[in-house]
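Generate the whole structure from the sequences, applying the supplied hints.
Going left to right, the sequence shown walks through residues 5 to 378 as the working numbering numbers them.
Hints listed in this document are in silico derivations from the structure and should not be mistaken for laboratory results.
Fair warning: this is a prediction, and the values are worked out from it, not measured in the lab.
Ideal Cβ placement from N, Cα and C applies to all residues, glycine included.
Mixed in with the good hints, there may be bad ones.
As the list claims (entries may be wrong) - Simulated pairs of lysine to any residue, SDA-like, Cα-Cα distance not exceeding 20 Å:
#, residue 1, residue 2
1, Lys161, Trp131
2, Lys161, Val206
3, Lys161, Thr139
4, Lys161, Lys253
5, Lys161, Asn215
6, Lys253, Asn202
As the list claims (entries may be wrong) - Pairwise CB distance ranges (calculated):
#, residue 1, residue 2, range
7, Pro129, Val206, 41 to 51 Å
8, Ala197, Ala175, 16 to 26 Å
9, Cys342, Ala114, 19 to 29 Å
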Amino acid sequence: MQGRPAGPQCCGRCAGAQAAARVARRQHFRAAVFARPPGGGLSRADGTAGPQATAGAARTAGAGRAVPVAGRAVPVDREDRTDRGAGRAGRYRTVTGTLVDVSPHILVVATGDGERRLALTPGSPVWRGRLAAATELRPGERVVARLATDRGDVADKVWASIGRVAGTISASDSGQLMVDEGTTRRPQAVVIAPDAANRIRVRFPQLEPGNLIDVIGLRRGAVLEAVIPATSQPAYLASRVTRAAAVVKTTAGTFSGSATWHEPAEPGEEPRGVAYPAVDPAGCAEAALTVPCPAELPYLAVGSMLSVRNECTRAARVLPVTGCGAAARLFHDRCLTCGTSPRGRVADLTLISFAELGGDLERACFNATVTVWP
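Structure (structure tokens):
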């Protein structure tokens, strides 16, 4: 049976016309989700998302929704999302894990599926608070390696011990800041690296409770050593966020703005997905958050599917909404990675999803177009 393609006619003979119709829908559903070109079937040959393709996938798949399995909602596109969704730059894939060994030309990374050996080319950048030589990395560090688009064993870029904290300063004591990233995440401790203090102070002059902060740095256990300001400090306190004209709504269900990234809150968090700023309050664990969401964004439920497109690399992926973007609702900024994005954050991606869309983690954001799928 495994060597013969299963079609609706076979099951129709066994169980009747209703079963045949149901199986036919399943075949179309599977083809739409798993057998489309990279990008979840949303990209044309030139890497740009086409509305006809999106509409066709929606009609065929019937949903990019979460499917109930064993009493919980599981996104339909669970099958190896690491290989899905690249634009003209090719497929972006990542390897994440703990560094086991390093040499000037080879990284050995322990992942959940075993050890991976990755070659380093002379042009492979390594980031560890700054651009560094591979030999400066230390075994035991968490690394994220984005692979070369044409080779599965060559690292195109490597980030070591990178972390990010974005939220409201809740306490400041002896040079250490405590930052509240939302009710569903633990408070984060931040210290500012001495050689980065001037640079961060220029962008974040008010490091007092009630002010917002967004910094990238080196993760040292439970503490983040901040080395890069991810944006500029807003002129308002976190408790006084207001909304003006912000994200651009191009068509129904499509909007543009800035996409950022966050670290997983817990080890078991879904590694690929989107924290969305406008999750329906009825199902959002951040219900106590009083900050208004951008009026241009439609309310969605956790488990909804979004097509996120990086306008800098043209890479696009279909990703599930995995939670509430509490920090994204607080910032009303623009991204300047390639041109100037509309004001406002439309997606807070997981670290891996951001890298697999071609984003450079140390650059904090990319200009994005998001489409509710289907």
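Each hint, compared with the structure:
{"no.": "1", "hint": "Lys161 / Trp131", "verdict": "holds, 8 Å"}
{"no.": "2", "hint": "Lys161 / Val206", "verdict": "violated, 29 Å"}
{"no.": "3", "hint": "Lys161 / Thr139", "verdict": "holds, 15 Å"}
{"no.": "4", "hint": "Lys161 / Lys253", "verdict": "violated, 33 Å"}
{"no.": "5", "hint": "Lys161 / Asn215", "verdict": "violated, 34 Å"}
{"no.": "6", "hint": "Lys253 / Asn202", "verdict": "violated, 37 Å"}
{"no.": "7", "hint": "Pro129 / Val206: 41 to 51 Å", "verdict": "violated, 25 Å"}
{"no.": "8", "hint": "Ala197 / Ala175: 16 to 26 Å", "verdict": "holds, 20 Å"}
{"no.": "9", "hint": "Cys342 / Ala114: 19 to 29 Å", "verdict": "violated, 34 Å"}
Hints 2, 4, 5, 6, 7, 9 from the earlier list are contradicted by this structure; the remaining hints agree with it.
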